[in-house]
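> Residue numbers (mature numbering (1 follows the signal peptide of the UniProt record, and there is no 0)): -30 to -1, 1 to 519.
What the hints contain is simulated information worked out from the structure, not anything from laboratory work. Be aware that a few hints might be false.
Below, in silico cross-link-like pairs of lysine to aspartate or glutamate (EDC-like), each with a Cα-Cα straight-line distance of 20 Å or less [unchecked claim]:
1) K95 <-> D2
2) K277 <-> D244
3) K340 <-> E406
4) K161 <-> D497
5) K187 <-> D244
6) K22 <-> D167
7) K161 <-> E406
8) K364 <-> D497
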Amino acid sequence: MAGGNGACAAAARLVLSLVGLLVVPLLVAGEDPYRFFTWTVTYGDIYPLGVKQQGILINNQFPGPQIEAVTNDNLIINVFNKLNEPFLLSWSGLQQRRNSFEDGVAGTTCPIPPGANFTYILQAKDQIGTYYYFPSLAFHKAAGGFGGIRVLSRPQIPVPFPPPAADYTALIGDWYRANHTDLRYVLDSGKALGFPDGLLINGRGPNGYTFTVQPGKTYRFRITNVGLATSLNIRFQGHTMKLVEVEGSHTMQTTYSSLDVHLGQSYSVLLTADQPGFDYAIVVSTRFTTRIISTTAVLHYANSAGKAPGPLPGGPTIQIDWSLNQARSIRWNLTASGPRPNPQGSYHYGLVPVTRTIRLANSAATINGKQRYAVNSVSYVNPDTPLKVADYYKIGGVFSVGTIADNPSYGGAYLQTSVMGANYRDYVEIVFENSEDEVQSWHIDGYAFWVVGMDGGKWSAASRQGYNLRDGVSRYTVQVYPRSWTAIYMPLDNVGMWNVRSESWARQYLGQQFYLRVWTPSTSLRDEFPIPKNALLCGRAAGRRTRPL
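Whenever a hint applies, use it, and build me the whole structure from the sequences.
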């Protein structure tokens, strides 16, 4: 009997210890709410430009469902892949603090096989603002699968403008009538895609989408360029826009009649319905293109008497100086709170000593008879195993740190799995140098950075004399104008493997990207989380175990 009691007691202790292992992490994170999503990814017929295409739908929606969250919310997103090829979603602008395993790009995360599912575990840690998600593999983005993410401030954190009557998302972008598989074949054959066939607003063609407003009310519009190839300009007939937020930063509230939105960029504007009751046009048109194409949506007043009189508002077309001056006018709101109550300007980014300068030059090249694109002469190729997974398991032969230089050599381009090493807590200056005749748009996963300067011509050390070291905007995607440069400051405060890429999707697909490995010898959870227990393992990591409970 005594032996039986001892066995029962031992069993009870084991159960309690297992429960403790399960419960303690939940209690630790208990103050931050959880939001659960179940998404099914399928093919489906779509007609955005009036022609039937094979689209990628999420829960039968194109674009996909909106994610609405609050600062520090945990987002649990279970994705079922019903396509006939591997699939991944990435979360543009969400920083995946200490957790690049969840970033959802080919260098960090194994794809979801056809017929399988994977649950992303994300957190909007210390973030507010406007973001979006998109499919990151195999040119799937050309078929849909993208959607908006809005991260609201916590109730106790002041926001520098009154609550709007409604919060609208406007996903704008160029579009091709060809299926993504055909576009991918063109690129794999070493050819160019050509000019887009049209523009979409929330997945619809001309006048296909309507935003309804009440007279006298003010509305927030979150505008994101989810396109593949072109910068866009947006304007509202008869109305102006007050800019209030850029990619997680509250801005000085400047009023614009039209706004340039480059590939991958997001802006929040306030619009007041202060005009007579009509249906007004929201016009989006291409920028810096030989041929200008445009599309429209409808700003519908609830008391509308019909179509607004007068012509559609014209916008800028190829004027670079106009766009450069507008970009320079976008300033950080130093006194507004960000995700925390302290003012954004309490971090004096311009006073922090720079520990390293990295210059990145994009280029077009022909390699093995095919069109490719490169950064510092290296055209990126995906390995058979995600870099972050190989790094975690110390699998050799997948990549080498230092396979892309800090400075351009301007030599011939070549293929390489390019990874740049960097030290945790370094403070870097990155200069994007564009000697080509088209606008570039650059994104860095895992980070926001301060835009300190942009100008025409070649960058030199003397260019620093014109830097804005006080109220440059903090964001995660920045443009570089033709034959120009853009400089940013960025604290390397997020350990992981982070994708640095062109947002021109053909250029990204054909090699204009690399990975920044931000490393520390520390193994503390304060610096980086271990691989998720539910991580999919592929390539040379297939068959390994993630980690015990």
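> Each hint: holds or not?
Hint by hint, here is what the structure shows:
{"no.": "1", "hint": "K95 <-> D2", "result": "10 Å, holds"}
{"no.": "2", "hint": "K277 <-> D244", "result": "16 Å, holds"}
{"no.": "3", "hint": "K340 <-> E406", "result": "19 Å, holds"}
{"no.": "4", "hint": "K161 <-> D497", "result": "43 Å, violated"}
{"no.": "5", "hint": "K187 <-> D244", "result": "8 Å, holds"}
{"no.": "6", "hint": "K22 <-> D167", "result": "14 Å, holds"}
{"no.": "7", "hint": "K161 <-> E406", "result": "18 Å, holds"}
{"no.": "8", "hint": "K364 <-> D497", "result": "18 Å, holds"}
Violated hint: 4 only; the structure is consistent with all others.
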